[in-house]
Structures are given as structure tokens and as C-alpha cells.
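Note that the protein sequences, when read in sequence, are chains A and B.
Counting in my numbering, the final residue of the first sequence is number 289, and the numbers go up one at a time with none missing.
Counting in my numbering, the final residue of the second sequence is number 289, and the numbers go up one at a time with none missing.
In case anyone wonders, no lab produced these hints; they're calculated from the structure.
There are no misleading hints in this set.
Computed cross-link-like contacts, EDC-like style, restricted to lysine to aspartate or glutamate with a CA-CA straight-line distance of at most 20 Å:
| hint | chain 1 | residue 1 | chain 2 | residue 2 |
| --- | --- | --- | --- | --- |
| 1 | B | Lys160 | A | Asp100 |
| 2 | B | Lys234 | B | Asp86 |
| 3 | A | Lys206 | A | Glu196 |
| 4 | B | Lys206 | B | Glu168 |
| 5 | B | Lys206 | B | Glu254 |
| 6 | A | Lys160 | B | Asp100 |
There are 2 protein chains.
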Amino acid sequence: MGAVQARVESALARSLPPAEQRPARLHQAMRYAALGGGKRVRPLLVFASGEAAGAAPARLDVAACAVELIHSYSLVHDDLPCMDDDVLRRGKPTVHVEYDEATALLVGDALQSLAFQLLAEHEIADEPSIQLEMVRTLSLAAGSRGMAGGQAIDLESVGKPLALPELELMHIHKTGALIRASVGLGARCGAALTPERFERLDHYAKCVGLAFQVVDDVLDAAASTATLGKTAGKDAAQNKPTYVSALGVAGARELAESLRKEAHAALAGFGEGAARLRSLADFIVLREF
Amino acid sequence: MGAVQARVESALARSLPPAEQRPARLHQAMRYAALGGGKRVRPLLVFASGEAAGAAPARLDVAACAVELIHSYSLVHDDLPCMDDDVLRRGKPTVHVEYDEATALLVGDALQSLAFQLLAEHEIADEPSIQLEMVRTLSLAAGSRGMAGGQAIDLESVGKPLALPELELMHIHKTGALIRASVGLGARCGAALTPERFERLDHYAKCVGLAFQVVDDVLDAAASTATLGKTAGKDAAQNKPTYVSALGVAGARELAESLRKEAHAALAGFGEGAARLRSLADFIVLREF
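Whenever a hint applies, use it, and build me the whole structure from the sequences.
What follows is the structure in C-alpha cells.
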């Protein structure tokens with residue numbers, strides 16, 4: 001895992017515009033936002049899924065960067081005063097605190113464009129038509145019927161007690177869509193999978209995506225700001241509906257565990273190629289930060 | 001021109017998520033931002049350039065929508081309080097005034113994703129590899145080395161007297177990049193042009209893009225808010241460097257006129273296929289709103 005994280009860090013550093021290129025302040029802020037932090041869960045999923053499809057690591061670098069740039073942009077925009085108004089992210093001041101709001105806005109915008117640029121300008125699939133399908137996958141996952149839509153549902157739901165299906169709908173959009181896209185993109189970098197195998201990977205991704213959020217809610221309620229590198233206890237303070245508020249800590253832990261088992265079951269028949277996907281499911285559920 | 005504008009309006013209405021689809025408030029706001037307004041200069045350029053390359057109108061619909069969605073997103077974000085803090089756009093309240101800031105932020109983000117989705121999910125070029133090149137063109141034009149970069153240069157330059165080359169650099173990024181992309185995308189929807197012809201179209205686009213901004217500056221200084229549908233006199237009020245502050249009204253008009261001639265010259269040899277491109281150059285320079 002550490003090796004992939006280091007590899008992705010270096011691929012991101014190469015993919016982002018140089019800090020001294022004009023407009024320098026924007027480019028510095030883009031690098032500040034995307035480099036040097038985070039668990040890189042989505043890139044790890046890209047690599048794990050790519051391994052299951054026999055994809056070349058150089059292709060996976062590109063797909064992993066694209067997904068991580070979308071994730072990074074969403075964090076920058078989420079932290080803005082008009083959204084979560086947060087000052088700490090990955091143990092550092094958020095972009096609008098370190099720079100300013102206007103720059104943070106543009107950083108997010110430009111990181112999103114860069115993600116699609118990367119998917120389009122490198123050869124990362126066996127056919128250009130597959131690569132177009134990857135652009136479509138990522139754009140759908142990022143847009144109003146994916147991540148941005150999840151943010152909108154989140155906004156609408158602050159202060160409201162959400163029933164479990166509503167909470168799930170929000171998270172399927174907010175974090176689930178990009179996690180599914182990570183697995184899908186990794187797989188498409190490799191040899192074509194049968195539709196049945198692709199479907200199984202996608203089911204794995206759905207379970208892992210939801211488990212990721214459930215565990216996030218547990219950690220937000222239980223862990224400290226220092227451990228998380230972001231403000232802890234925020235959900236309760238903002239009266240946000242979470243899996244902990246809906247199920248309690250023990251119930252949320254149980255749900256995460258059953259999702260972990262379901263993710264493993266989806267990979268039955270994949271053999272050793274899916275070893276990394278299996279450990280990632282474990283890591284996502286059993287992590288403590 | 002009116003026919004193309006109506007066509008693009010209807011293609012946009014079909015491409016945007018339905019207003020009743022969840023998250024409904026976000027989808028309504030996206031439609032509010034993108035529909036029912038504007039001169040649609042970029043779509044007009046897509047259609048004009050596509051005509052010169054013999055492209056099918058159904059393909060041009062898609063390319064025109066993609067470019068216009070990027071433009072619409074940039075307006076929504078530019079109008080935010082942390083940027084230009086404007087309340088009026090296309091004769092209507094800006095998105096953050098009509099809805100709220102968080103929604104306006106997400107509207108812009110989701111419109112950008114949708115632009116790339118459209119380019120990826122319809123067949124709009126003779127080869128998928130050409131279509132990938134179109135994704136790359138649009139992402140570069142939108143990102144930190146294009147439109148978003150131009151915004152950043154703009155931010156840095158408020159209150160500073162810019163020399164003409166600096167002013168040009170800003171506008172080449174801020175409006176020029178997307179206008180060049182419009183012409184490039186339209187052309188790539190059609191039969192492959194020789195590199196020399198493609199280069200000529202690109203030179204036309206550079207001239208027209210710069211002329212567009214020069215005339216915008218003249219109109220901002222001279223026209224009324226009612227005529228423009230957006231706040232007039234804003235540049236001077238915010239002490240922004242413009243072509244009018246650098247050259248005076250007469251000098252700016254002269255520059256626009258010489259760019260119009262250069263645009264026409266670039267089209268020499270294109271014959272009747274470029275008739276629309278020629279009238280657009282005239283329209284852009286001679287318009288009064």
C-alpha cells in the first residue's frame with residue numbers, strides 16, 4: 001500500500017502544472033491542495049482493480065491521478081465558507097485559509113478540468129472507445145447524478161433526521177459514486193473483463209464505498225482531530241444525519257462488517273489477482289483514521 | 001443565427017438533467033444557469049466552424065452544448081461573492097442570489113462535469129480518437145492554463161495598471177481559450193481538415209476571441225445595464241485594467257476592427273463554407289450588446 005501511495009504522489013506531482021508556471025499562485029495552490037496528504041483510498045482502489053484486470057501500472061498512474069484530482073477538488077470546494085466552512089484538512093490549513101476564497105474556488109475548478117485532461121491525453125486503455133467510456137464514467141461519478149448531487153442532498157438534509165434509505169441515497173452519491181468509478185477505471189485500463197466479472201467488481205465497489213462512509217461516521221464520532229487530520233466531531237456539532245446517529249456506534253460497526261463480508265463474497269472466483277482488493281476492503285473497514 | 005440559437009437552447013434543455021430529478025433543487029438551478037439567455041457566441045462559433053468542415057448538425061449540437069456548459073459554469077462561479085460579487089446576469093438575478101451560494105458552487109461544478117459527459121457519450125467525430133482529442137481540447141481550454149488561469153490572472157491584476165501584453169495574456173486565457181476551443185471542436189466534428197486549414201481556423205479563432213474581449217470592454221464602458229443584461233461600468237468601478245483604460249475607446253475600436261480584418265484574411269480560400277464564420281467575426285466586432 002505504501003508503495004502505491006508513493007507512486008501516486010509522484011505521478012500527481014508530475015501531472016500537476018509546475019508551481020512556477022503562470023498563473024503561479026493558482027498552480028501553487030493546486031499543488032498544495034492535491035499533494036502531500038490523504039490516504040489515497042481511491043488511487044489504491046484503481047491500482048487494486050487494475051491488478052485484477054492485468055493492467056499496466058503506467059496506465060493506472062493516470063487513472064489514479066484523475067480520480068484523486070476529482071476527490072481533491074471536491075474537498076477544496078466542500079471546505080469553503082459557503083459549504084462546510086472548515087479550516088483544517090489533511091492536517092494542514094484548508095486552501096481558502098492558506099490562500100483565499102477566490103483562489104480556492106479556481107483551484108477546485110481547475111483540478112476538475114485537469115482530471116479529464118489526463119484521461120484524454122495519455123493512452124490508458126486498449127482502445128480509444130474504452131477511454132471515452134472512462135471519461136463518461138468519471139464525469140457521471142463527479143456530476144449532479146454523482147458526487148456533486150450527493151453534496152446537494154447533504155445540504156438539504158442538515159438538521160433533518162434522515163431515515164436509513166435517505167442516508168444511503170446521499171452517500172451512494174456523495175462518496176460511493178467516485179469509489180465505484182475508481183474500481184471501474186482501474187479495470188478498464190486492463191484486458192476486457194467479461195460483463196459478469198465487471199459486474200462483480202462493481203458490486204464489490206458498492207459495498208466498499210458504503211462501508212467507507214459508515215466507518216467515516218464512526219471515526220468522526222469517536223476519534224480525535226489529531227488522529228484524523230481533519231476536524232473531528234463535526235457531524236454531531238452540525239447536527240448532520242450519520243450512520244452513528246441512525247444506528248448507534250455498535251450498529252454502524254456491524255453494518256460495516258457485513259458490507260466487508262459482502263465485498264469479499266463478490267470477489268469469489270477472482271483468485272490471487274484480487275488479493276489487493278480484498279486487503280483494501282479489510283483496510284477500509286478496520287482502519288482507525 | 002437565430003435558428004442556431006434556438007437549436008442550441010433546445011439541445012441544452014435536452015442535455016441538462018430534468019428539473020424534477022433528484023436532487024431537484026440542484027437540477028433546477030443548473031437549468032436556471034444554463035437556459036434562456038446569452039448570445040450563445042461559442043455555440044454559434046461551433047456551428048460556423050462545423051459548417052466549414054461539413055459536420056452533421058446533430059454532432060454540432062453536442063459540441064456546442066459542451067462548450068456552452070463550460071461557459072455557463074464559469075459565469076456562475078465568477079458571479080459569486082468571493083469573485084465578482086455580481087447580482088445580475090443575462091437580465092436575471094445571478095444563481096447565488098436566486099438560490100444560495102452553496103448551490104451556485106455545486107451548479108458550476110456539476111455543469112463542468114456534464115460538459116465532459118456530453119463529449120464522451122455521444123458519437124460526434126469520425127473516430128473515437130478524435131473525440132478524445134476534443135475532450136483534451138476542452139479540458140485544456142477550461143483549466144488552469146486556459147479559462148480558470150485567466151480568472152486567476154484577473155484576480156491578481158485588480159487595481160494594477162497592466163501593460164498591453166499583460167492584458168492580452170489575461171484575455172487569451174480568460175475568454176480566448178474557450179473561443180478557440182469552440183472553433184476547434186466544431187471543426188473536429190466534421191471531415192478531417194488539412195493541418196494548414198486547421199491552423200487557419202485556429203488563427204481566425206484567436207483574432208475573434210481577442211476582438212470579442214476588446215469589444216466587451218468598449219461596451220462595458222459605453223452601454224447601459226439594461227442593454228447588456230449585466231451590470232455595466234463594472235470594470236471602471238472595480239478599477240480593472242481593460243482595453244479601454246489602456247487604449248481609450250477609439251483605440252480599442254480600432255484594434256477590434258483590425259482583428260476583424262485579420263480574421264477575414266485567415267479564411268481566404270475557404271470559399272462559401274466559411275460564410276458563417278465571416279458573419280460571426282462581423283457580428284462580434286459590430287454588435288452593440
